[in-house]
Amino acid sequence: MLFKLGSLLMKPGAKMALLAFAIVFPFLADNEYQVYVMASAFVWAIAVYGLNIITGYCGQLNLAHGGFFAIGAYTLGLLTADAGWSFWPAFVAALVMTAVLGFFVGIVSLRLKEHYFAIFTLCVGFIIYLLIDKWEELTHGPIGVRDIAAPSGFGLVDFTETTPFYYLVLAFLVFSIWFMGRLSRSLLGRTFIAIRNGDELAQSLGINLMRNKVLAFVLSTTYAGLAGALYAGMVRFIGPEEANINHTFDMITYLLVGGIGTLTGPLLGTVGIVWITQSLQFLEEYRMIIFGPLLVILVIFFPRGITGQFLTWMHHKAQSLAPGKKRRESKVQTASAREAENNA
Amino acid sequence: MNLFFQQIINGLTLGSIYGLVALGLTLVYGILHIPNFAHGALYMVGAFMSYFFMTDLGVHYWVAMAGSAAVVAVLAILCERLVFHPLRNSPPIHDKIAAIGILLFLEAVVQMFWGSDFRRLSSPFTGIMNFDGLIIPEQRLLIIVGAFVLVIALQLFLRKTMTGATIIAMAQSREGAFLVGIDANRVAMMTFAISGVLAAVAASLYAPINLVYPAMGHLVIMKAFVIIILGGMGSIPGAIAGGMIIGFAEAFGGFYISTAYKDIIAFGLLVLILSVRPQGLFAKGAH
Amino acid sequence: MKNVKTLAQAVAAATLGMTLTAGAMAGEVNIGFTGPLSGGAALYGENTLSGLRMAAEEINAAGGFDLDGEKTTINLVSLDDRYSPAQAATNAKRLKQESNVPAVFIPHSGGVFALQDFNEKDDFLIMAYTSVPTVTEKGNSLTLRIPPTFDGYVRAFTDYALEHEGKTLGMAGATHEYAKIWASMIEEEWTSKGGEVVAKNPMDYNKSADFFTGVSRIIAENPDVMFVGGASEPTGLVVQQARQMGFQGGFIVMDQAKIDEVAEVAGGMEMVEGAIGVVPLSVYETEAAKSFIERYQDKYGKMPGSEAAYNYLALHGLVEAMDATESTDPKVIRGAIGKALANMDSSKNPYEVTDVTDKGGFVTETTLAVVKDGKIVREPIE
Amino acid sequence: MLKVEHLTKMFGGLAAVNDVSVDFEAGKINAIIGPNGAGKSTFFNLISGLHQPTSGRILLDGVDVTHMPCDQVARLGVGRTFQTTNLFEQATVLDNLIVGHRLRTRSGLWDVLINSKRLQREEKAARDKAMEALDFVGLTHVAGQFIADITQEERKRVAFALALATDPKIVLLDEPAAGVNPEETEGFAALMRKMVDNGLTVCLIEHKMDMIMSLADKIMVLDHGEKIAEGTPEEVRNNPVVIEAYLGGDEDAAA
Amino acid sequence: MLQLENVDVCYGSFKALTDISMTVDTGELVVLLGANGAGKTTLFNAISGLVKPTGGDIRFEDKHLNGMKPSAVVSGGVVQCAEGRKLFPQMSVQQNLMMGAYVHRRDREGNRKRLNEVLELFPILEDKASQPAGSLSGGQQQMVAIGRAMMSRPRLLILDEPSLGLAPLVVRQMFETIRQINSLGTTVLLAEQNAFAALKIADRAYVMENGRLVMDGDRETMLGNEEVRKAYIGA
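Protein chains in written order, with this note's numbering: chain H, 51 to 394; chain D, 298 to 584; chain X, 3 to 384; chain U, 37 to 291; chain Z, 5 to 239.
Hints were generated in silico from the structure; no laboratory data involved. The reader is advised that the hints may include incorrect statements.
What the hints assert, rightly or not - Computed list of lysine-lysine pairs in DSSO-like fashion (alpha-carbon distance at most 30 Å, straight line): (1) X:Lys123 - X:Lys341; (2) U:Lys153 - H:Lys65; (3) X:Lys182 - X:Lys169; (4) X:Lys374 - X:Lys182; (5) Z:Lys117 - D:Lys457; (6) X:Lys333 - X:Lys361; (7) U:Lys205 - U:Lys230; (8) Z:Lys19 - D:Lys457; (9) H:Lys65 - U:Lys160; (10) Z:Lys132 - D:Lys457; (11) U:Lys230 - Z:Lys19; (12) X:Lys202 - X:Lys333; (13) Z:Lys19 - H:Lys367; (14) H:Lys367 - U:Lys160; (15) U:Lys205 - U:Lys64; (16) X:Lys377 - X:Lys182; (17) X:Lys140 - X:Lys123; (18) X:Lys169 - X:Lys304; (19) X:Lys304 - X:Lys361.
Claimed, not checked - Chain Z stretches covered by chain U per the calculated footprint, using a threshold of three residues with CB under 8 Å from any CB of chain U: (20) 39-49; (21) 161-170.
Remember, predicted model here, so these are calculated numbers, not experimental data. Even for Gly, the Cβ is constructed at its ideal location relative to N, Cα and C.
Isolated chain H (complex conformation) (with noise of 0.2 Å):
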């Protein structure tokens, strides 16, 4: 089933059909209810394509992804509701504001390396928390931001309702994994798996590391912005529990079930453990005991998820249609080469 499901993916027109459906979702539903949870996670899956660019291309585990959602959110939140803002300035407010303060954590986060990367970033997002929870006066605090502006509509459209806030979220989405399929296949997203491969490679081939990891975060954060700027226009009244971690190890999660580091991933990932999750409602917390244990076998046998796993599968079926050898080798070259030793 699911490889059925994948090779489909495979073929070209796929892609449009997957459009297609999503298009007609909204009159295939039962109601209104269901148009509305796809909606968020779409929402969602637009902020785990931002992670996908740092953490799955760019290799640098981001740990304040669902802080800077949280700033897409109250930015446009609190310019809507506080300062009187009309939806779209303080939409394009909500991207600058990700981008510029995604900058400024860049320069300074990226200088570091692995786990103190991934801790500093724990930190960063823990601080944008706090920072929302206490700092009142701009914020309100745990009161929340209530009476945030729906997206203003175009003539008859309406994005208080929810099968235009659809279509607007889905054009979004499109847009979101359009630009990612094309940064992929481009020369800056090669640079980018090239930093993931190793920084002095990296290096050597006359990649600027800081520039480009830089360049990878902000776009990441943007991608939050996108995603906290949607959410605060879809439910109107945001808390400081937006900026909680537990967002981004959901994200992590979808992520990785999805596909770290494809393109269909982190919208298979998103959309489908959203789906789990509504039906097995009642689960909610409990639904951990079943998905803790789930994400410590995933990623110690399929380490690259469902996509990542089913595009292996079909790449060596295709080599194994195609007359030509067939040799597997893992992990050789750091062994064989600690064997040949190291100069000082």
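Given chain H, put chains D, X, U and Z in place with the hints provided.
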């Protein structure tokens, strides 16, 4: 003036707890290079185990603490065997995600059995000592003394016994440890067990002046991470010193600056320090 | 262990492909609930739900009510929102769309505000269990506020404390939304009546690792009275630590915390001597209250809190209104509920609510309790 | 071509590279040999800009590159391979190689967004370059395979191709033939000759002496971070200091 | 004492060792010669259990070593003193040495005696006993490494390039010590780059090239052999 000393006591109390938690974290990191995000969950399980032993089995506080330490040690070993050991050759991002998986799982399990209500762990040490206006509840003194004793005991174990020394040896040179015939698996399990014991004891010491609930580990573990980065990841003295720094910063910052922002102090301090010194305060090697 | 059972049921339901929120059968009306059933506030959500469940079971056991000549039973559909407004909104949409509920019970103000964005358009009644006054002041025509707003408490507590305890107040309340609003109101009231706020140090009751520092900041200013309050358990800790540090004065306890529960955590009634708060249900002397407490204890084996009692009576009132109007139209119910409450069997009305204000608030008598000589005493309000 | 003057690198108190001066001529194969721990890889790291030297100068075609960051040095025409090259295992060989030409391109985020002419042109150039490099190392037939599925020797060749795709003037090869069998070693020697024939300058670290002796135009011998000898294979082979460093013992033993 | 029969080691498709057969007899000092990357370290690691052979058999005193855990190999009496020393840098010299006695940790008396013997062998370590091992000079560190290996009471001591990175004078001393250890009854298997210095103290030698043993013979044969020179500088 008394209030000033009161904050010293408070700083010591907090520092002791943070130090104990950070110590377990730093040991695991030193040996296995895993930033164990699930450590906070072990801390939380430790508190619940003590609660369970005292409330449901009716045993004495000390017995409950010992029982809790044993259970959490076993749990920690299981984490190592079932999760981290199979992942030892994976890219570093996978360890972290698996640790998050364990964290979510343990919290959910605890919540399933005990729900998410606040629970109260009562200790037999409810008295209050009053030194001319300086008030020290017995439990707080117990925390400080307990942490001190535990750190000394750990030091003695690591420095004076051959078994303990294998942990230090492993941390300093993995290959060297293999060459003298140290069994890596044994050391890994032992390290996890010790970190579990430290977390459980810290939780059991602290719970009587606090509440027991599934999310109780979140803030503590985040601060423990701050501490081990400050102290240099893998450094034992660094963990203790870092614990005290954060403990005092919170106590004094909370009192003289603002309680609302006291939690930011720890994280702000870290961000500030790492911006200037990416390798931490006490670390020798750059990272 | 109950949770284990819930999990098992949920898994069973999921594997059998059943939806938990089945559409309404003939002769059945669905009533929605969204509230925290997991996470930090799960206990609160469960308590709220227990009152609703009890009411629904009583109604159904009596064979349902009469709706347009048909015997109709109540089916309670409950969803978890983890206290999140966004999830509450999703849940409410789901309840309306999939179960066609005429009313959604919800026990937190954040969620109420989120629902008020679309409830008039989607046509369902919000049964809000929250004392935040603004939920009914915004003029939402389909919102009913079940408990009294806390402004009554604020006035009564302040008057009593100023008269009996002293003029200086230290603010040591919690930092969540509800507590913040409470605190700001009491501060205003206190100063306007000539009192002085000498220390302000709200603390995060749910997350704080230690209240020692925060409480000592308050004690340092030597107030006569301390304002405390969040959930009962951490409130107990704050009270305990204040006493340990030598605080002798009284407490104003926010209505979220129940004095009896606070005393238990703090280490006995003597620790809360001089505390002023809402009257715990257990202290009510009326027949209706006693009867409710007895039935509740039979069913759940514990003492009910006000959240159970209020929601219990609200569902009964709702059904009474449907019965009287022969309609499940939210607007019609809204119009008839005041009268329904007044006509209701008094045993189903432990708080003796008899009317609804124009804006949708249940009319209840404000009460005040004080701890005197180790006992909770109900005091009249001037 | 590449001129190194009094290059020194201290790690702590230890001199990993100590006062090394050498001149590598264009279009030649230059080898660096020396016992373990002699500082050969550090020397490479200094030239390519991964490490900053403590003192001394490095001139590339007369340009002082001593304190340039790694990526700039690469842009000036220094390509290199590592003892191990981490590649993206689950992508094809060609996909891995395209980034090699990145440093000769300029398109950025905006170009990606609007899919500019420049981006299209540059991507085509990078792809062509990758194919060209692949062809050069003789791996056109595995272009579509995953890195995870190719052999050790092929990986090494891919690493070569990656360095070549940067359009270097000089390539630094760190133990290109480590971990491959003798026949394959011969293949690598041929490849290096081909590189020189195509106008590149090659500089390599290698332990396989028979290969070096038949391949190199010039050999520099490092020991304890110092240059102890320099010259043609013949000169180096008969240099008593080199024999001492490699074989140890006294002169009588070496005789 | 030690027998290897047709041992192969592969790292994936790369064959690091091919068909290695060799013996070391009790009391011998055998030298393994070969250029960098010839496979000496892999061979030693295979014996020590750090690398699993893909084929063949390794026996020590008729016990099979292949597949044994490294710790079991050490307690069995085969101790490696690896290239690069691998000391515990922040531990004192004394602690480093005592860690060597880890597998015999229950025999405190024996360890104390052994420690005295080791300190006799390296008198200078006695003065440095409480210093961190990482603070010593290279030569002294090498002494600690050998001393630590001796504390494991090896019957077969494997030394991987003990002279690496040491000054010539120290190297000479080092070889003298190794000869001494051998003459006191420990069998030694030694890999060295200082071929001639090593050969001078050896009983026999093997030459390794590209993961194969290409030659073996006793000291005299090897000392005069052109192939040996070739193995190093590719003449």
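_Restraint check for Lys132 of chain Z with Lys457 of chain D, where alpha carbons must lie at most 30 Å apart_ = 19 Å, holds
*Holds or violated: are the alpha carbons of Lys205 of chain U and Lys64 of chain U at most 30 Å from each other?*
11 Å, holds
*Straight-line Cα separation of Lys304 of chain X and Lys361 of chain X no greater than 30 Å?*
This hinted pair is violated, its Cα atoms lying about 34 Å apart.
*Has the given pair, Lys205 of chain U with Lys230 of chain U, been kept, meaning a C-alpha gap of at most 30 Å?*
Holds, at roughly 14 Å.
*asked:* Please verify whether Lys367 of chain H and Lys160 of chain U have alpha carbons no more than 30 Å apart.
replied: 28 Å, holds
*Is the Cα-Cα distance between Lys182 of chain X and Lys169 of chain X 30 Å or less?*
21 Å, holds
*For the pair supplied as a hint, Lys153 of chain U and Lys65 of chain H, confirm whether the alpha-carbon distance does not exceed 30 Å.*
25 Å, holds
*With a cut-off of 8 Å between beta carbons, are at least three residues of the stretch 39-49 of chain Z near chain U?*
It holds: at least three residues are needed, and the stretch 39-49 of chain Z offers 3 whose Cβ sits within less than 8 Å of chain U.
*asked:* Need the status of pair Lys19 of chain Z, Lys457 of chain D: alpha-carbon distance at most 30 Å?
replied: Cα-Cα ~44 Å, so violated.
*CA of Lys117 of chain Z to CA of Lys457 of chain D, is that 30 Å or under?*
19 Å, holds
*Restraint check for Lys202 of chain X with Lys333 of chain X, where alpha carbons must lie at most 30 Å apart*: The hint is violated at about 44 Å.
_Outcome, coverage hint (the stretch 161-170 of chain Z, chain U; C-beta under 8 Å; three residues)_ = It holds: at least three residues are needed, and the stretch 161-170 of chain Z offers 4 whose Cβ sits within less than 8 Å of chain U.
In terms of the numbered hints stated before, the structure departs from hints 8, 12, 18, 19, listed from lowest to highest.
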